[in-house]
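Required output: the full structure, derived from the provided sequences and hints.
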Amino acid sequence: MYSKIKLDDNKEISLKKELIDKSDITYVYIPLFNCGVECKCLVKKGKKVKKDTIIGIREDIDFPILSPVSGTVMGIEKKLYLNNCSVDCIKIKSDFKNKSETYNEVEDINNYSKSKYIELLKRFSITGMGGSDFPTFLKYKNKVRTLIVNAVECEPYITSDYELIMHKASEIVDAIYAIKVINNIDECYIVIKRKNKELYNVLKEYIDFYGNIKIVKVKDYYPAGYEREIVKNILNVNYDKYPSEKNIVVNNISTIYSIYKALKYNTSISKRIVTLSGEMFRTPVNLLLRIGTDMSSVLKRLDGYVRKTKVKLVSGGPMMGYSLEDDNLVVTKNLNCILVIRDIEEYDENPCLKCGRCIEACPMKLSPVSIKENLSNPDELKKLDVNKCMECGLCSYICPAKIDLRSYVRAAKKEVNHK
Amino acid sequence: MKFKVDNGPHVKDSDNTSRIMNRLMIALIPIICFSVYKNVSIIYRMDISILEALKPLFMILIAIFTSVITEFLYSLFILKKNKKDLKEYMKHSYAIFPGLFLALVIPLNTPLLLVSLGAFIATLIGKMIFGGFGHNIFNPALTGALLVTTAYGSFISGTSNLFELDTIGSATPLANLANFNYVGTFEQIVGKFGSIFNYIFGTIPGTLGETNKFLILIAFIFLVATKVIKWRIPVFYISTVFVITYIVSLTNDIGIWYPLFHILSGGLLFGAVFMATDPVTSPITPMGQVLYGIGLGILTTILRFLTPYPEGVLTSILFMNMTVSLFDKIGLKIRNSFNKKLIYITIFILLVISTGFIINKNLNKDDSSVKILNVIKSEDSYVYEMSSKAWGVITANVTIKDGVVISVDIVNSSSETKWSHIVSNDYINKIINGQDNLDSLDAISGVTITSDGLKEMVKKVIEDYGDKYER
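Protein chains in written order, with the working numbering: chain A, 78 to 496; chain B, 4 to 474.
It should be emphasised that the hints constitute simulated quantities derived from the structure, not laboratory data.
As the structure is a computational prediction, the values presented were derived from the model and not from experiment.
Please note that the accuracy of each hint is not assured.
Stated by the list, open to error - A partial selection of chain B residues facing chain A, derived with a Cβ cut-off under 10 Å: (1) Asp-9; (2) Gly-11; (3) His-13; (4) Thr-20; (5) Gly-137; (6) His-138; (7) Gly-156; (8) Ala-228; (9) Lys-230.
As the list claims (entries may be wrong) - Dumping the calculated EDC-like pairs for lysine to aspartate or glutamate here, alpha-carbon to alpha-carbon at most 16 Å: (10) B:Lys-433 / B:Asp-455; (11) A:Lys-442 / A:Glu-468; (12) A:Lys-294 / A:Glu-275; (13) A:Lys-83 / B:Asp-18; (14) A:Lys-117 / A:Asp-139; (15) A:Lys-479 / B:Asp-455; (16) B:Lys-332 / A:Asp-456; (17) B:Lys-5 / A:Asp-404; (18) B:Lys-336 / A:Asp-456; (19) B:Lys-15 / A:Glu-356; (20) B:Lys-15 / A:Asp-101; (21) A:Lys-81 / B:Asp-16; (22) B:Lys-15 / A:Asp-481; (23) B:Lys-15 / A:Glu-282; (24) A:Lys-281 / A:Asp-251; (25) A:Lys-479 / B:Asp-9; (26) A:Lys-479 / B:Glu-388; (27) B:Lys-336 / A:Asp-462; (28) B:Lys-94 / A:Glu-426; (29) A:Lys-309 / A:Glu-322; (30) A:Lys-338 / A:Glu-182; (31) A:Lys-83 / B:Asp-16; (32) A:Lys-176 / A:Asp-101; (33) B:Lys-462 / B:Glu-388; (34) A:Lys-387 / A:Glu-402; (35) B:Lys-336 / A:Glu-457; (36) B:Lys-15 / A:Asp-86; (37) A:Lys-377 / A:Asp-101; (38) B:Lys-15 / A:Asp-425; (39) A:Lys-348 / A:Asp-86; (40) B:Lys-15 / A:Asp-85.
Idealized CB from N, CA, C, for every residue including glycine.
Take a look at the structure:
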């Protein structure tokens, strides 16, 4: 057992305002980057592209990168990816026509074969939109028995999935049903937080139409939305590396919506909802942004930062998110949130007082403090199962001496994996 | 626009080390206030000056003062901190606690100079030479207390303590228990110090911190609720002591009050809640904490029963401090395996039970039946205060005159029903009448052990009288 920790979720602040559409932009930047792998550029400067034109490719798995707009390729420019690394991006000038190369409205989306389905997932570059950017077609290669749709959103502040369900519940449920039929899946679950009753009501309405899809409510704690945690909570199944070992697929609810787009209209997703929040941001809000948007232009057009104190810019949630050095961040499919939060400098490390809270907090039942102590001893580190760490950050969060244990565990992982 | 980059997480729990230490201090304040009040209140019953009555306060202040000064000088001259660092360092080293805890655990009649020395040792040897806060292996306060009480014990016991001598009897309940060879009647062991309320609300002799169990219990609840201490250690520590002493009480036919007495007397509760849970010197793994608590309980009862030191809490905590890393290793190893946990728990439970029986066996060995507690000469006769451990414990005054037992007055008996059986058979008179040939006197069926016990008692008196007084 470990003690479940509830964080201050601060979600209501970004839900006060209606969703704002800021997707009318001239330039988009598409990173040549997927899941830590650099991709090859397939277009030259000056080339006219349409929406869904393949402009780059990840060569090891032959995975395409698509243009989200129609327009002209302007060249390659460095922009900040959400992990705070500068990456090469293809700059495209939009002609605002948004003509798609492949657009085709399909009457019955349940009518695909499994191989066609996987082909579509690949062609329309569908990746995990919860943050991983993992190509989704890889998850469906095995036989699938259970589909779990993750709408937990356990990180504080983020409400982009919430907003999406409120607007697109019908489409999402249609897509889940289609995936179920196409892949001949036995059981489907949609996982939401117990306290989000509105989501339950909205989804319930459409689910009653289909039946056979269950809504599961989980407790409000962090990290309730982690793949491992969800699979354990719902099916009581532990797996080694990927849930597909046990014929389980876990998809984020936004990913499901992008699958809907691919099935129904044969097109890729070109916009996504991004939460803009944080206590140092004047008007927290959910924005509908085009993939490839340079955030600095959007931030300029909004009310801007509260500049009384030093602030930090964070991509993703406050627990797992990366602190950014610059605001020229490019919006990608896996970016769900941007936070402007206070930069607290009093976090200087005190000596460990051996309270054991990191051990009790760790959802993977590791002992971060012992890992830190044995950092120079790879054999001992292996015994401590460092590779099980999913870097949720709870150890660093809970430590009363403000020791950044997660960084030590990351270092330990490197140490072990090098040898 | 540029921003500062760090590793995150970008939100952190609002709790920190300083807040934890503040809460620990809050939990201690009522206990400190009570210890001062307890002594001041005695003024009204005795003719002592206010300065003497305020000794607890002086002890605490001097100990804290010495601790802080020692730490300050150490970091200034030996760690060679500059002015700015020094301020930060002192802010995060919580220098008052070694001294404060020391004052709360050493006997009240310790001379103030020794208190100061103890605080100095606690800070220097217990804490600073290991590298300061967070790095020490032994509990600093207990290190100081142990060195002072063993090295200068004669100064402490030699200086009599007016207040406690007068009000509630000279020895602490545990020292009294040891005088009775660890087993006795309620009256002998508990009754001397008043009712159960005296035990709970602290009006019995003892060190400053340990006596008021009620306040310690409140502090325990507060500290667990606010996540300052590791609750498993005190819970398993005290439960273990309870189980072991309960085994002793069962096999000796003593009531349930006996294990409760063990928990409520001495520094067990205070030690378990405040000293054994000192985060720096206790295991970090949950299972390690459970086993550590059980280990403490076993060690404390062994020290209490089988060594000349009736207290045992201080020594056992210090000893167990050495084993913390071992318990953590075990705790880490068995953390994710239910079976391994079960094996270890079973082993420790067996250890607890066997400790109970071993203690019991050793107790019975040196005093199986009859014992002379006291002999009083009155005019031409001698009154023997006797105790006999038969089925339960009987104490009686046996009066002997010119080698002839003339009366047997029962002072106390732990078993009323069996006693009425003896009385109804007029057994005492039978003994007195048949004292010349006691071996031929038959025991009463149903209360064989008790009646035999009485017989042995009288036999021993006659024997002893013959040896010493008959010429």
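**Asked** Against the structure shown, which of the earlier numbered hints fail to hold, in ascending order?
**Response** 7, 8, 15, 20, 23, 26, 39
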